[in-house]
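Asks: Modelling step: build the complete structure from the supplied sequences, incorporating the hints.
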Amino acid sequence: MGTRSAPEHGRARAASSLPARAGVGFKSAHLADIEASARDVGFFEIHAENYMGAGGAPHAQLMRMRRESPLSIHGVGLSVGGAEPLDRAHLGRLKALVERYDPAACSEHLAWSTQGARFLNDLLPLPYNATTLAHVVAHVDQIQEALGRPILLENPAAYLRFRSSEYSEIDFLREVVRRTDCRLLLDVTNVYVSATNLAFSAKDYIDAFPISYVEEIHLAGYAEDVDEIGGPLLIDAHCAPVPDPVWRLYDRALARRGPVATLIEWDNDLPSWPSLCAQAARAEAFLERRRRAVEDSLKSEALHDDLG
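Take the sequence shown: its position 146, counting from 1, is numbered 146 in this note's numbering, and each next residue is one higher.
For the record, the hints were derived by calculation from the structure and aren't laboratory data.
Quick reminder that beta carbons are idealized off the backbone N, C-alpha and C, glycines included.
Each hint should be verified, as a subset may be incorrect.
[As the list claims (entries may be wrong)] For each label pair, taking beta carbons as the anchor points, the in silico distance ranges come out as:
(1) D244 / S300: 27 to 35 Å
(2) A134 / D87: 13 to 21 Å
(3) K95 / R291: 31 to 39 Å
(4) G55 / E288: 37 to 45 Å
Replies: In structure tokens, the structure reads:
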């Protein structure tokens, strides 16, 4: 792992036009509260697979949201890390959804979830080797060609290591970016979950991550369990407030990246709308501190130049 570095700049082709603000997942259960409130969130995010039908109430609701707020579409079902060809019908439905709503960002997971005709209701890890790299690169290229835009690829939550891995997760992601020109979604909670489960340093992971390619961050709560030998096991469950260790890692990531679109993920055991907004407000406070730090740094540099 690398040492902590200064903020990186010089990103190439952008994959996201999301504002550098805190957003939340759009849930129909919150619709009445959203429409009755000031809607002071930076953007909304949806899971693509929930909106692949042609019409009905979900699309009517989403269209109202889209007219007033930026939208991010987050896919969970393409099985980007799988060994089998992508489901062309599924990709076609995603393309239609993207064309319909013109989202500010599209993202998917570095994971697999299909085997033959079976869909597994989970995002499963993959070994990081030359074979899986070739599959992921081909799939990302195919998705980006179909959508006509670069996507964001999210680091997974891990519960085991593969003996056949030849790359670290960070080096694998960096190579996917190099070969496909995609960009990255840094899920800070997944970093903490993986670090706890696999006993590595989450801080070192954040410090080594190719941060200049990050165009969105995810934050969420997790579920706590124990493994078969009684050790801690964290589950990426999106079912609770963001815990303090994840907030600290988030601040560490922002110190390198600067302010960037940040999503509060809460998909299970849904909170009230005010509770969700409180989580977004906390993320917004971190972002504002980093904005002020950047502004102060620029003022200091300008003063130094004037005196120089």
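Asks: Take the hints in turn and mark each one as holding or not.
Replies: Structure-based check of each hint:
Checked against the hint of 27 to 35 Å, the pair D244 and S300 passes, with Cβ atoms roughly 31 Å apart. Our hint of 13 to 21 Å for A134 and D87 holds, since their Cβ atoms are close to 19 Å apart. Under the hint 31 to 39 Å, the C-beta atoms of K95 and R291, about 35 Å apart, fit the expected range. Take G55 and E288: their Cβ atoms lie about 40 Å apart, and the range 37 to 45 Å holds.
Against the hints set out earlier in the document, no violation occurs for any number.
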